[in-house]
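Engineer: Sequence:
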Amino acid sequence: MSHTLQRPDALFSFLRTVLPDQVPEQRPLRGRVEYHGIRTAEDFIASVQAGLRKAPMAFRLSPHVLSIIDWQDPLNDPVRRQFIPLDSSINVNHPATSLDPLQETNSSPVSGLVHRYHNKALFLTTSTCPVYCRFCTRSYSIGTETDTVKKMRFLPVVKKWEPRFQYIEANPHLVDIVLSGGDSYLLEPEIVRYLGERLLAIPHIRRLRFATKGLAVSPSRMLDPTDSWMSTVIELSKRARSLGKHVCIHTHFNNRQEITWITRAGARRLYEEGVTVRNQSVLLHGVNNSIEELSTLVHELTEINIEPYYVYQGDMIPGAEDLRTPLSDSLELELQLRDQTAGFLLPRFVTDVPVAGKRPSLSAQNYDRVRGTAQFVSPKLTDGPYSYWDPLWSLSEEGREQVKEYFAGSGKSGST
Numbered sequence: 002m003s004h005t006l007q008r009p010d011a012l013f014s015f016l017r018t019v020l021p022d023q024v025p026e027q028r029p030l031r032g033r034v035e036y037h038g039i040r041t042a043e044d045f046i047a048s049v050q051a052g053l054r055k056a057p058m059a060f061r062l063s064p065h066v067l068s069i070i071d072w073q074d075p076l077n078d079p080v081r082r083q084f085i086p087l088d089s090s091i092n093v094n095h096p097a098t099s100l101d102p103l104q105e106t107n108s109s110p111v112s113g114l115v116h117r118y119h120n121k122a123l124f125l126t127t128s129t130c131p132v133y134c135r136f137c138t139r140s141y142s143i144g145t146e147t148d149t150v151k152k153m154r155f156l157p158v159v160k161k162w163e164p165r166f167q168y169i170e171a172n173p174h175l176v177d178i179v180l181s182g183g184d185s186y187l188l189e190p191e192i193v194r195y196l197g198e199r200l201l202a203i204p205h206i207r208r209l210r211f212a213t214k215g216l217a218v219s220p221s222r223m224l225d226p227t228d229s230w231m232s233t234v235i236e237l238s239k240r241a242r243s244l245g246k247h248v249c250i251h252t253h254f255n256n257r258q259e260i261t262w263i264t265r266a267g268a269r270r271l272y273e274e275g276v277t278v279r280n281q282s283v284l285l286h287g288v289n290n291s292i293e294e295l296s297t298l299v300h301e302l303t304e305i306n307i308e309p310y311y312v313y314q315g316d317m318i319p320g321a322e323d324l325r326t327p328l329s330d331s332l333e334l335e336l337q338l339r340d341q342t343a344g345f346l347l348p349r350f351v352t353d354v355p356v357a358g359k360r361p362s363l364s365a366q367n368y369d370r371v372r373g374t375a376q377f378v379s380p381k382l383t384d385g386p387y388s389y390w391d392p393l394w395s396l397s398e399e400g401r402e403q404v405k406e407y408f409a410g411s412g413k414s415g416s417t
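In the working numbering, the protein residues as written are 2 to 417.
Incorrect hints may appear among the rest.
What the hints assert, rightly or not - With a cut-off of at most 20 Å between alpha-carbon atoms, the simulated EDC-like pairs for lysine to aspartate or glutamate come out as follows:
#1 K121 x E198
#2 K161 x E198
#3 K359 x E333
#4 K381 x D177
#5 K405 x D369
#6 K246 x D177
#7 K55 x D88
#8 K359 x E335
What the hints assert, rightly or not - Each pair of labels, with its calculated beta carbon distance range:
#9 E189 x E399: 49 to 57 Å
#10 A266 x L347: 25 to 33 Å
#11 T261 x V34: 27 to 35 Å
#12 G32 x G245: 48 to 56 Å
#13 P21 x P110: 48 to 56 Å
#14 S243 x F15: 45 to 53 Å
#15 S243 x P21: 52 to 60 Å
#16 T227 x V159: 19 to 27 Å
#17 G385 x R17: 46 to 54 Å
#18 V159 x Y118: 22 to 30 Å
Hints in this document: simulated from the structure, not taken from any laboratory. Please read all numbers here as calculations on a predicted model, not as lab measurements. Don't be surprised by glycine CBs; every beta carbon is placed ideally from N, CA and C.
Please model the entire structure based on the sequences and the hints provided.
Structural biologist: Structure representation (structure tokens):
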């Protein structure tokens, strides 16, 4: 992907060409302003430099993402918030945050394969993405190393995948494989074909999902006749149907601003070719955690035949707490969205917790809104419950003090 920005000096040079001399003030979110002293373009760049020093993720920005950010109002732009960190007063790490909040590394029977659900496994194909989200749940492995994080790398080396195939073949209860990473959009088409054909040839594998944010951040590839990634996935989808199986794409849009005319044209191509596309959003502070933004996103997705599948509660990642929302946002938004959306178009609101996996957010138990903690259990497990903690910025002073005392006194982490 040419013209992608991934070096700090290149980013700062770009910002100097697009930012106004005087940067508009941030509009308060929930009555608070998190960015202070940013009045000029140089103030903004200095804040980015400070934000990058704290970030667990390196930055990588595609031309498409750069083109849809409103550079005349960067402090309030929902796309900028997702990819370019600023020095935020509310980005204070909760004691429960972790670079591997779902404990995926403890659920890997072989390197690069995560098996947390009985009949489904996650195949990590690469550690690279077209862009790097600040809130990535795999901060432990995705992207280049940062000032705060050394990475566990997964490279698209076919010969190293054989132990994964052997494990899948030896476990006939596995029927569903998610091909992710990283992002499968960056795999060479011949690798995509090899993975698809190899897995579809296993009798008990019924479903393959290619997980990619590419449709949201580099949609022109869906229309490029010289780019064979998409045509390869289309061919695999048709091959799967001939076998009575299913290949689909799971993508990741968080805000209506990410859907452009190019997105619509590319989505139409996939729809006409019979490829199922589902969307998995993450609920993010200042991006989509209002009924207006979320309902508009759901409507826009259904208009282009992309199924709104999941809305995830943000994972507890250090260095991105300014993006995380309290669980109460998920609970309230799901109820509000039910009043505006047909049932079959309603996304599932879920909270991902260690070991137990995705749980319906509405199944939260013992939600203490002062301390900002709730428990989730799984019928399949005898241990637990597993705790989810709201970000510190969303709590009262009393609540923050209770959290401080709890972790100082018990030495416990986020799971109990």
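Engineer: For each hint, tell me whether it holds in the structure or not.
Structural biologist: Hint by hint, here is what the structure shows:
1. K121 x E198: OK: K121 and E198 at ~18 Å, within 20 Å.
2. K161 x E198: holds (17 Å)
3. K359 x E333: holds (18 Å)
4. K381 x D177: holds (18 Å)
5. K405 x D369: Answer holds: K405 to D369 is near 15 Å, not above 20 Å.
6. K246 x D177: holds (10 Å)
7. K55 x D88: holds (9 Å)
8. K359 x E335: holds (16 Å)
9. E189 x E399: 49 to 57 Å: Since the Cβ atoms of E189 and E399 sit about 54 Å apart, the hinted range of 49 to 57 Å holds.
10. A266 x L347: 25 to 33 Å: holds (26 Å)
11. T261 x V34: 27 to 35 Å: Cβ of T261 to Cβ of V34: about 30 Å, so the range 27 to 35 Å holds.
12. G32 x G245: 48 to 56 Å: holds (55 Å)
13. P21 x P110: 48 to 56 Å: holds (53 Å)
14. S243 x F15: 45 to 53 Å: holds (47 Å)
15. S243 x P21: 52 to 60 Å: Since S243 and P21 have Cβ atoms about 55 Å apart, the given range 52 to 60 Å holds.
16. T227 x V159: 19 to 27 Å: holds (24 Å)
17. G385 x R17: 46 to 54 Å: holds (51 Å)
18. V159 x Y118: 22 to 30 Å: holds (25 Å)
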